[in-house]
Amino acid sequence: MRARYLTALFFFILGTMFSTESSASDDAAKLQEEIHHKGWIVYCSRADNGTWDLFLCRPDGSDKRNLTNTADFEEAAPRFSPDGKKILYRRLDKGSTINHDKWGFQGKLTICNSDGSDPVEYGGEGEYPWAAWSPDGTQIASLTVKGIQVIDLATRKVVKEFPRKGIYQQLFWSPDGKWFCGTGNHGGESWTVVRMNLETGEVNALRSFQTCTPDWYPDSEHVILSSRPAGQPANNGYGYTQLWEVDGEGKEQKLLYGEDGVHIYSGAVSPDGEYILFSKCPDDGGGAERSGGTICLMRSADAPTIGGPSPELRKVHPDVKNGPVIEIDKGWEPHWTYQEISVRP
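Taking this note's numbering, I'd label the letters of the sequence shown as residues 10 to 354.
These are calculated hints, taken from the structure and not from any lab test. Because the structure is a prediction, the values reported are computed rather than measured. Backbone N, C-alpha and C fix where the C-beta goes; we use that ideal spot for every residue, glycine too. You may find that some hints are simply not true.
What the hints assert, rightly or not - Listed next, the in silico DSS-like pairs over lysine-lysine satisfying Cα-Cα at most 27 Å (straight line):
1. Lys117 with Lys95
2. Lys94 with Lys263
3. Lys187 with Lys169
4. Lys95 with Lys47
5. Lys39 with Lys339
6. Lys174 with Lys187
7. Lys174 with Lys111
8. Lys155 with Lys117
9. Lys263 with Lys155
10. Lys103 with Lys339
Stated by the list, open to error - Here are the in silico distance ranges between beta carbons for each label pair:
11. Val129 with Asp328: 36 to 44 Å
12. Asp72 with Gly210: 16 to 24 Å
13. Arg299 with Asn331: 28 to 36 Å
14. Glu349 with Asp145: 19 to 27 Å
15. Asp328 with Pro184: 28 to 36 Å
Construct the complete structure from the given sequences, taking the supplied hints into account.
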């Protein structure tokens, strides 16, 4: 009797496991189908020859193509223009190691068409550091030693300057044109993500302590960023970097995705704010110095989601949704446009 009971229990547990796995697989398949035709994602990844190239794929990872296919350069940190017709990126000498903290100071600013054609270099090595598109795509903001400079792309002239106010890397311009965000020193804290008002020059902290790599939501009122909260027992007390959303005042803080065992970087939001891109990597910093991390996608509505067992993280965030997360490719710094892009012959 006992043997029969244990056998029945075994098959019940086994069936439950298969049912859960099947359900998760179905949810991921639904997400892939949902996003397949929603534009394109650009990112940098290692090509077959070992150099960093720019790649394009559908949001579900299909229709992958090498945009630049250059054996003599390392190309990194691509970003679509607001209309999706151009891509801004950094072009480094072959064999250069991309620094996950200082990549905005490396290489030459280069802009090409969204299909990878007609690349044009702007300036020399290290010029136009941390270049970021203006909302209309006619200008860039650059984080220089002198300050934040706004440059007209047609004339390449500086048309406006702002003091840095402690911002030292990862500068981005809000879609409504009213704000900058970046990583800086603020209030006695380094590694703090801040927001700058372009009209007044005032700066406010969004999230402090081991926080970086911000980017804007399309509403210009929220920012996505990476943060390694203090007090994590995992990883011998060092903890793991997680993906967070904060509002422009820094008052509302929300976990988007976390997973013990990997660090979460390269956070970006779809043009309508409905989906989230990120990369996960066992190396802190996102893996730029090697081959990047695994680029992933999830729904914004499924946040917060926690991957893997992550027992310590689940204790801190017990009310998670555990939505589907799909893996796209190995790479770094993905960016998304809903603009359709023609295939070059």
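Original post:
Which hint numbers does the structure go against, in order from smallest to largest?
Top reply: 2, 9, 11 and 12
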